[in-house]
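Engineer: Now for the letters of each chain:
There are 2 protein chains.
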Amino acid sequence: MHKTKVAIVGLGTVGAGVAKILLDHGDRTARNAGTTLWLEKAVVRDLSRARDCELPDGVLTDDLSEVTGDPEIKVVAQLIGGIEPARTIMLQLLESGKDIVTANKALIAEHGAELFARARELGRSIAFDAAVAGGIPIITNLSQCLTANQVSSLSGILNGTSNFIASAMEEQEASYKWAVKEAQRLGYAEADPTMDVDGTDAAQKLAILAHIAFGIKIDWKKIPREGIDKLLPVDIRFAKELGYRIKLLASAQLSDDGLELHVSPSLIRAGEPLAEVRGPFNAINVEGDQVGPLFYYGQGAGQKPTASAVVADMIDMAVGRTALTFRTLKLFTENHSDVQMCSPDKIRGRHYFRFSVEDRPGVLAEIARALGEEGISIASVIQHEPENFDGDTKSYTPLVIMTHTATQGQAARALEVISKMPTVKPGARKMLVQD
Amino acid sequence: MHKTKVAIVGLGTVGAGVAKILLDHGDRTARNAGTTLWLEKAVVRDLSRARDCELPDGVLTDDLSEVTGDPEIKVVAQLIGGIEPARTIMLQLLESGKDIVTANKALIAEHGAELFARARELGRSIAFDAAVAGGIPIITNLSQCLTANQVSSLSGILNGTSNFIASAMEEQEASYKWAVKEAQRLGYAEADPTMDVDGTDAAQKLAILAHIAFGIKIDWKKIPREGIDKLLPVDIRFAKELGYRIKLLASAQLSDDGLELHVSPSLIRAGEPLAEVRGPFNAINVEGDQVGPLFYYGQGAGQKPTASAVVADMIDMAVGRTALTFRTLKLFTENHSDVQMCSPDKIRGRHYFRFSVEDRPGVLAEIARALGEEGISIASVIQHEPENFDGDTKSYTPLVIMTHTATQGQAARALEVISKMPTVKPGARKMLVQD
Ligand SMILES: NC(=O)c1ccc[n+]([C@@H]2O[C@H](COP(=O)([O-])OP(=O)(O)OC[C@H]3O[C@@H](n4cnc5c(N)ncnc54)[C@H](OP(=O)(O)O)[C@@H]3O)[C@@H](O)[C@H]2O)c1
Ligand SMILES: NC(=O)c1ccc[n+]([C@@H]2O[C@H](COP(=O)([O-])OP(=O)(O)OC[C@H]3O[C@@H](n4cnc5c(N)ncnc54)[C@H](OP(=O)(O)O)[C@@H]3O)[C@@H](O)[C@H]2O)c1
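Those protein sequence lines, which keep their order, are chains A and B.
Take the first sequence: its position 46, counted from the start at 1, is 85 in the working numbering, and no numbers get skipped.
Take the second sequence: its position 296, counted from the start at 1, is 335 in the working numbering, and no numbers get skipped.
Heads up, some of the hints might be wrong.
[Unchecked claim] No farther apart than 27 Å at their CA atoms in a straight line, the calculated lysine-lysine pairs in the DSS-like style are these:
(1) A:K113 / B:K113
(2) B:K279 / A:K279
(3) B:K113 / A:K369
[As the list claims (entries may be wrong)] Derived coverage of chain A by chain B (criterion: at least 3 residues anywhere in the stretch with Cβ under 8 Å from a Cβ of chain B; other residues may be distant):
(4) 60-74
(5) 202-215
(6) 261-274
(7) 327-337
(8) 353-359
(9) 364-372
Don't read these hints as lab results, they were simulated from the structure.
All residues carry an ideal CB built from backbone N, CA and C; glycine is no exception.
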């Protein structure tokens, strides 16, 4: 059987998973690529560290030039996280003639334009299906399977850590803090989970998907984002009472005002497929004008699912498909469409408001008036007996209002007015409702 | 912009949908294929029939040689249903140098080996993602995105007509007959729905998917199949009481005895994604050793979803990906694995039995003994007050038994013994339970 030499740079969680597939299942790459993907080198920083895979003698090295200097190595899985030295190493690999597979969404979201342009100049390709939604092959599905469609909306649960935490808070009726610890204990959250829980990771992934699905080039930092790090059990409880679950949703919807993009904790009706995604799983809803609704569900991270996507990309490269796709789609180089990002203020949806109000007459009327003045109409209200849900000594009544459709701008302005009312306690909360 | 001439043969539901995308959305094919797919000819049988699309002058013809004789036409969407003349036309198109996209699962399931072999000899390709699950791109996902995996199981709802009927029976508590009429009225079932409701269509699709996922060449006729055409409301009701829904499931599972294949009405626990698939939708669960569980959901038929898949395949051809995949995978030509089909008798699972028994002491004990003699142990029993659920005048008691895991052979033998008991009425029912 013909063989194609490949290398891995960065032998952490994902890298070791890729090495294990290449070493233990050469029959699969041979059958599906028509050539055995032969692991020639695995580059690490620290040779003395224990690795989660057994490598044949001579494969492990801390010298990148053993890869860049070997013209027989055609395909490299670049699996170092973060921006530097990952970016510089990507460029070195491209210059030395390698096609590159990566799982590094931060790098693609931040430097996709530069890296893809350089790859194109050099006649090389970059594949990155593992960078978004781990084992769910959403990049290939969007860029190859749904090409007859105008996608009108795409929304998903793209960060498994956040989803695990939100699910745990709901199922165990637990605090955010407890759920983070639990996620760390079970290996679903890093020691420092900031980028996951504050929405950064989901926004980077959304920027990548929106580029492919809508042809729009966007800086992920411009996507309005809110994480689950300020989620309170009280909101999860009220959402449940209303028949919803709260998920960290990454959403892109075409509207008359452009592409509505946001990452935010959102209420999704229980029973809807996205609402039922629990634990570390990811899921994505895509709506196309031809195909209608499509729903994908699977593991968004973890060694094996991510390695599954990386190796599929390596096989695509060996077969030659990636080079054709890369050349044709011109991703990250051109805007394929005139679609503009909708101003965050203009994003439309129903809203959930939760206030803590003093328990005396007239307060609801006052709040309703403030909403009305912004043109927001109320769909439903829950007001229970006073309770003391956040450890405050004074007794407040939680008041929950679900509105009909309004813009984020209207909702934000109403919230500002209401928050200043003396009868309303600080810490009011507003979330989008996904219907 | 460069253009690639294409043709459609067979301008029915799907063909007209393909024509509309090509004619109305040339920007999409241009962007995603790097060349405009230019509809040069559309071949029909009867020129006088009204068509569900408007064609430019000179495109419509009833003369296939206008396609076979034009060397500039590279890609043809062959969208005639059934075996002949579709098979002969496919061969003529291949001989004249065309790459072919088709949605015809019957033809692929029946003559895939012949057609693919001929295409390979002639250096041509065939693509068929529309042939299974309509808008869900399951063929591309299996043959390209999941190539790093050993798939261990694949099960799905692959026939939208059956699913519509089963859903309607459940939701409306209606008879099979009523639900079929309703499906016909709404356009979800043909005037003669036999191939859909008796499991033929699902078995043909399962044979295609199993070939790609497990590398096994199987005659679809050898797959044990049962349709929904004998489904009774009483079973749907009992399933519901037990917390299950009944779906026509097409299933392929690797076991120690080989590949367990079957198409049959099966009990799926309510809340499981597959159980919640309603109306004409399709859905597929795939389990891979790397990726873990993946779930796909979308429209399995209809003009637009199917055309979405056909046009994506045409774009793949124009880009050049199909030729590479076709050459590498050698589908329908070679067995890629030593996997054998498991003898139907050996398929393992939990079983649902429903008997109508005479309402007198000792009957349950007798039945339990017969099951025990086959080594089948009982998980749960429902026995209600006598009722008259199928119009019989004599009053019988329905008795439902859910078993622990046993083989189909054991279950069939026990059923035979029990059915002969004088206290048991003919028409007992047995179904697999999918846990
Ligand atoms: N883990 C997942 O589930 C997952 C899922 C999807 C995407 N991703 C992405 O995949 C990438 C890798 O993630 P991971 O979880 O595998 O990270 P990880 O476990 O932290 O591994 C990163 C590896 O990169 C190596 N490295 C760092 N700098 C290097 C250098 N200069 N030269 C050579 N090697 C260097 C490290 O080597 P040492 O071991 O010697 O320090 C380490 O082995 C990240 O971009 C991540 O966002 C991960
Ligand atoms: N409909 C769906 O939702 C769907 C979904 C998935 C797959 N499929 C598959 O797609 C294929 C087409 O389905 P369909 O629903 O589009 O069928 P359809 O509406 O019955 O259309 C079939 C077309 O083939 C034409 N035809 C028959 N013999 C011909 C011949 N000798 N020369 C030229 N044209 C000929 C017919 O022409 P006339 O109109 O002149 O009679 C008709 O327009 C079938 O294999 C089906 O299984 C359909």
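Engineer: Evaluate each hint against the coordinates.
Structural biologist: Each hint, compared with the structure:
Distance check on the hinted pair: K113 (chain A) and K113 (chain B) sit about 32 Å apart at the alpha-carbon level, beyond 27 Å; violated. Restraint check: the Cα-Cα separation between K279 (chain B) and K279 (chain A) comes to about 25 Å, which is no more than 27 Å; the hinted pair holds. Our distance criterion of 27 Å between C-alpha atoms is met by K113 (chain B) and K369 (chain A), whose separation comes to about 24 Å. Counting residues of the segment 60-74 of chain A whose beta carbon lies closer than 8 Å to any beta carbon of chain B gives 8, which reaches the threshold of three, so the coverage claim holds.
Evaluation of the coverage hint for the segment 202-215 of chain A: breached, as 0 residues show C-beta separations to chain B shorter than 8 Å, against a requirement of three. Residues of the segment 261-274 of chain A lying with their CB closer than 8 Å to a CB of chain B number 0, which falls below the three-residue condition for coverage. Against chain B, the segment 327-337 of chain A contributes 11 residues with a C-beta closer than 8 Å to a partner C-beta. That satisfies the three-residue criterion, and the hint holds. With 4 residues having a Cβ less than 8 Å from any Cβ of chain B, the segment 353-359 of chain A passes the three-residue criterion, so the hint holds.
Figure legend: the segment 364-372 of chain A, annotated as covered by chain B; annotation consistent (4 residues with Cβ-Cβ distances under 8 Å, at least 3 required).
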